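Undergrad: In order, the protein sequences belong to chains A and B. Mapping the first sequence onto numbering that gives the first Met the number 0, position 108 (from 1) lands on 107, and the numbers just tick up by one. Mapping the second sequence onto numbering that gives the first Met the number 0, position 307 (from 1) lands on 306, and the numbers just tick up by one.
Worth double-checking, as some hints may not be accurate.
Taking beta-carbon pairs under 7 Å as the criterion, some of the chain B residues facing chain A (in silico) [claimed, not checked]:
no., residue
1, 68
2, 69
3, 70
4, 96
Quick list of the computed label-pair ranges, beta carbon to beta carbon [unchecked claim]:
no., chain 1, residue 1, chain 2, residue 2, range
5, A, 228, B, 17, 51 to 57 Å
6, A, 187, B, 283, 37 to 43 Å
7, A, 187, B, 25, 25 to 31 Å
8, B, 92, A, 272, 39 to 45 Å
Chain B regions said to be covered by chain A (calculated; three or more residues, Cβ under 8 Å) [to be verified]:
no., stretch
9, 98–107
10, 210–224
What the hints contain is simulated information worked out from the structure, not anything from laboratory work. Quick caveat: nothing in here was measured; it's all calculated off a predicted structure. Ideal Cβ placement from N, Cα and C applies to all residues, glycine included.
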Amino acid sequence: MIQVGNIDLDLFAKKIRYYTLKQFTLMGFGHYGGSLSIVETLAVLYGKHLNASPEIRDDLNRDYFVLSKGHAGPALYATLYLKGYFTEEWLGTLNKNGTKLPSHPDRNLIPGVDMTTGSLGQGISAATGIALGNKIAKRENYTFCIVGDGELNEGQAWEAIQMASHNKLDKLIIFVDDNKMQLDGPTLEINNPLDFVKKFQAFGYFSKRIDGSSVTEISEAVVWAKANHDKPTAIILDTIKGQGIPIIEEMGNNHHIRPDKATNNEIIKVMNILGKEIEVNG
Amino acid sequence: MTYFPKKEVIEMRSVYANTLIELAENDEKVIALEADLSSAITTDKIKNQLKNQYVNLGIMEAEMIGTAAGLSVTGFKPFVHTFANFASRRVYDQVFVSLAYAQLNAVILGSDAGVTAEHNGGTHMPFEDLALMRIIPNNKVYEASDSTLLRYLLHKGYKDDGLTYIRTIRKNAIKLYKEEETFETGSKLLREGNDVAILASGIMVSDALEAAEELSKEGIETMVIDMYQIKPIDQKAILKAAQTGAIVTAENHNVIGGLGSAVAEVLAEEAPTHHYRVGVREKFGQVGTMDWLKEDYLITVNEIVTQAKKLLLKKNK
Numbered sequence: 000m001i002q003v004g005n006i007d008l009d010l011f012a013k014k015i016r017y018y019t020l021k022q023f024t025l026m027g028f029g030h031y032g033g034s035l036s037i038v039e040t041l042a043v044l045y046g047k048h049l050n051a052s053p054e055i056r057d058d059l060n061r062d063y064f065v066l067s068k069g070h071a072g073p074a075l076y077a078t079l080y081l082k083g084y085f086t087e088e089w090l091g092t093l094n095k096n097g098t099k100l101p102s103h104p105d106r107n108l109i110p111g112v113d114m115t116t117g118s119l120g121q122g123i124s125a126a127t128g129i130a131l132g133n134k135i136a137k138r139e140n141y142t143f144c145i146v147g148d149g150e151l152n153e154g155q156a157w158e159a160i161q162m163a164s165h166n167k168l169d170k171l172i173i174f175v176d177d178n179k180m181q182l183d184g185p186t187l188e189i190n191n192p193l194d195f196v197k198k199f200q201a202f203g204y205f206s207k208r209i210d211g212s213s214v215t216e217i218s219e220a221v222v223w224a225k226a227n228h229d230k231p232t233a234i235i236l237d238t239i240k241g242q243g244i245p246i247i248e249e250m251g252n253n254h255h256i257r258p259d260k261a262t263n264n265e266i267i268k269v270m271n272i273l274g275k276e277i278e279v280n281g
Numbered sequence: 000m001t002y003f004p005k006k007e008v009i010e011m012r013s014v015y016a017n018t019l020i021e022l023a024e025n026d027e028k029v030i031a032l033e034a035d036l037s038s039a040i041t042t043d044k045i046k047n048q049l050k051n052q053y054v055n056l057g058i059m060e061a062e063m064i065g066t067a068a069g070l071s072v073t074g075f076k077p078f079v080h081t082f083a084n085f086a087s088r089r090v091y092d093q094v095f096v097s098l099a100y101a102q103l104n105a106v107i108l109g110s111d112a113g114v115t116a117e118h119n120g121g122t123h124m125p126f127e128d129l130a131l132m133r134i135i136p137n138n139k140v141y142e143a144s145d146s147t148l149l150r151y152l153l154h155k156g157y158k159d160d161g162l163t164y165i166r167t168i169r170k171n172a173i174k175l176y177k178e179e180e181t182f183e184t185g186s187k188l189l190r191e192g193n194d195v196a197i198l199a200s201g202i203m204v205s206d207a208l209e210a211a212e213e214l215s216k217e218g219i220e221t222m223v224i225d226m227y228q229i230k231p232i233d234q235k236a237i238l239k240a241a242q243t244g245a246i247v248t249a250e251n252h253n254v255i256g257g258l259g260s261a262v263a264e265v266l267a268e269e270a271p272t273h274h275y276r277v278g279v280r281e282k283f284g285q286v287g288t289m290d291w292l293k294e295d296y297l298i299t300v301n302e303i304v305t306q307a308k309k310l311l312l313k314k315n316k
């Protein structure tokens, strides 16, 4: 097993990207686009800021993470594997019959998953409940949540956003993966989400937009969020669906794909480059 | 055993509030969640006592279920209340996925069951909540007929892991049980009888007892059982009732999916028996007084008596 080093976040992101692709390649299909766009954020959280590891799984004082955009599960699974929650063999079972790694995270099957998600809009609600519970219990831990830009079509998400603001859940840090695409096409064309930063600010949040492919910017944003008080924080991640893999980035629709042989060969080429970088540097 | 002959009326909602106080005082993990119907169920009167063990989310039922899920993740035991129509059909996917599928702990109280919603009418009158809840795997589903039973069910829901759904009358119910009554098997035999059995839940239990009195005047000896546990259903009680050869189920709910269906499923598999489901058939809710609504939906003492007699004719053919 590859351990997280001390701590090259760019390298950790490469590892997460490699093992995310490996799961899809072994299965032959999956939610490539939205998994790849959150890789850098997962690297920053699990590589540096999130107080969670297999050793403290049952400690209620650990930090919590909810992947509200549950279809990006494979990126989380790659991260949890790299953190030592389970062995590499598990990754080869993604979506296979009887697997413990289904498309969408299941808290009862997968060590390290705090909340079962996949029905969009519900994970962010659960995250507000987790942050509220920790606040009532006077714990000092953080709750992190990644929500999709398309997912924010869901009315329930805005109920959650308002509730967290009203209850001053300042240890709740929400990331919006603004990759600008949803299943049926560009978010601008399907249902214009308007300005996320302004919307969150109007809801009483600290909010700003950053480069969601920059581990440095993401890490600095987490430090900024933790320094904020009395309000929750929403960090809008400027990302690209399929981030880091040009052939996938360039596809018109990469939400859920089953690459043909030629595409798959291109993906494997990128994986081989990533694999070498991981071996050399990791 | 039963208080029924006294026809004493008891308010159910104060029992919910008082039981929450009992539970919350003994366990700081108990949290009451409301979605702007706190004054309707009287938990507004106890919120100062509950302090941070009470959260009113505002009119956000979906978020209330998500919050309950998150609270359960962090070790709390949420008690969620809203009207039964909102607690079931409005938040069905949230209850199904975020609570049940995620195997988290919560007690949901759905108030204003069926015609007891009276003048809130069709939008607020749930005849399908038991059906929706009953098909969620591994949960427990109850209908409280009186205050002693409601208190027991809330305590049981507190002790049990997983998802508990309790359907209740919010305002007045006819008192059926003494305060010291105990419940063990998932149903309560209220009257013995060998000719016909009435299996009822909620407001229909007192009607069933009245119907049994009517039938006894004609020499028909009637068994009456309060089937308060809709799921898992008390199979033994149903098989005992089946020995009469004629079963009427009576519910303030659609005949599809609720008590009548649950009983029919057991009878079909284990002991085919003449059975009639008194309940709501292919109708939505509407405004009205409870007596008028019961007549309109044919969920009355008279209907139970009529159908019991028809079953006796079938049985004796």
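Undergrad: Each hint should be assessed against the structure and marked as holding or not.
TA: Hint-by-hint comparison with the structure:
no.: 1; hint: 68; in the structure: holds, 5 Å
no.: 2; hint: 69; in the structure: holds, 2 Å
no.: 3; hint: 70; in the structure: holds, 4 Å
no.: 4; hint: 96; in the structure: holds, 4 Å
no.: 5; hint: 228(A) x 17(B): 51 to 57 Å; in the structure: violated, 38 Å
no.: 6; hint: 187(A) x 283(B): 37 to 43 Å; in the structure: holds, 40 Å
no.: 7; hint: 187(A) x 25(B): 25 to 31 Å; in the structure: violated, 54 Å
no.: 8; hint: 92(B) x 272(A): 39 to 45 Å; in the structure: holds, 42 Å
no.: 9; hint: 98–107; in the structure: holds (count 3)
no.: 10; hint: 210–224; in the structure: violated (count 0)
Going down the numbered hints, you'll see the structure goes against 5, 7, 10, while the others check out.
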